[in-house]
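Chains as they are written, first to last, in the working numbering: chain A, 73 to 187; chain B, 59 to 171.
Read the hints as simulated data drawn from the structure, not as lab findings.
Just so you know, not all the hints are guaranteed correct.
Okay, derived cross-link-like pairs now, EDC-like style, lysine to aspartate or glutamate, Cα gap no bigger than 20 Å in a straight line [claimed, not checked]:
#1 LYS63/B with GLU112/A
#2 LYS116/A with ASP82/B
#3 LYS114/B with GLU112/A
#4 LYS126/B with ASP82/B
#5 LYS116/A with ASP89/B
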Amino acid sequence: NAGVMQNPRHLVRRRGQEARLRCSPMKGHSHVYWYRQLPEEGLKFMVYLQKENIIDESGMPKERFSAEFPKEGPSILRIQQVVRGDSAAYFCASSPRGGPYNEQFFGPGTRLTVL
Amino acid sequence: DQQVKQNSPSLSVQEGRISILNCDYTNSMFDYFLWYKKYPAEGPTFLISISSIKDKNEDGRFTVFLNKSAKHLSLHIVPSQPGDSAVYFCAASALEYGNKLVFGAGTILRVKS
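The following block holds chain B by itself, in its conformation from the complex (with noise of 0.2 Å):
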């Protein structure tokens, strides 16, 4: 039961480009969302939150968007570094389910140099 989804395994930008990662969820009691990223063999590191009642929050380089209706968010990363090669994971919380967080299965970004 996938409940967040990224149906994007690996994505490939050229340096100083735009990034754009997609995350689908398809519970509706989902309320905030965080983007984590992580290197081999590290765990994973909280890049960016946002809440339902939000549609957009940014921080530095990375921006989150969140469509409700679509029960979809994005995460922009403008401009890309190579040092933003890593695998990105979507992940959902809600208040019904406590303190889990329900993570899809990642998005692998490439960015070239």
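In isolation and in its complexed conformation, chain A is listed as follows (with noise of 0.2 Å):
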């Protein structure tokens, strides 16, 4: 029973350049959860999204950022034109049923480097 799988575990960008960021979410499991780790910070929220719709994105930067979880496929976290501040871990989560008293299981990460 696979995890959360996250793609690519690394990702090295130029200042300008796009990044996309890949989540699998768990067998079974219809809700996906992004959140952004600073260094020395914890965890904060940036969106939640179901199949086809996004929930919650209030934790999303205005400009520059999107995400989306198609009918097929995995979740997709975009950010153009990325910056320096960017640089960060992007953990997606999953879970199975919506509302706040489910426990979500985390992927590994991708570790967005922007040189």
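Mind assembling these two chains? They're in different frames, but the hints should get you there.
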């Protein structure tokens, strides 16, 4: 029973390029969450998606960031025109049900480095 | 705006002794709390949770205590083992905030053998 999968595990981009981070939830999970962890900090919520719908994007920066979870395929977090401040670990999590009283299962993360 | 605080950046404990990790929160709307453990270069792994209707939840060597009046929770690990060495994150959620988890900054636990 595979866990949450994220790829790539490491991504290096130059300023101004685009970064695409992919997340495949656990089998049977239709709820996906993205979090960002800056150095020396805890994880910060970015966005919550169900299949084909963005449910809560209150933690997403207003510009350059977007997320999707299509009917088929993984969830994608897209960062356009990356800047050095985007360097962080990005974690995806999934859960079988919605609601605040469920544990979320995390993937290994994608470490983005912007040169 | 740190709604969930873990004021001890690190903790060192001898193998076999008790580890106590603390977490404070400021938002009284939080009614569900979770502890995650994280090894370097891995994602957080769920350990244990507690609902605000309880004051204690136990799972093997791990026990979480919740003091709602003090807005404080703690994770007890007994006996501590070297494999417990990791970063421990406290997280909170609330019905009003949907599905998002609000995390503390983490506490690094080192268990010495």
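Check each numbered hint from earlier against the structure, then list the numbers of those it violates in ascending order.
Hint 3 alone not satisfied by this model.
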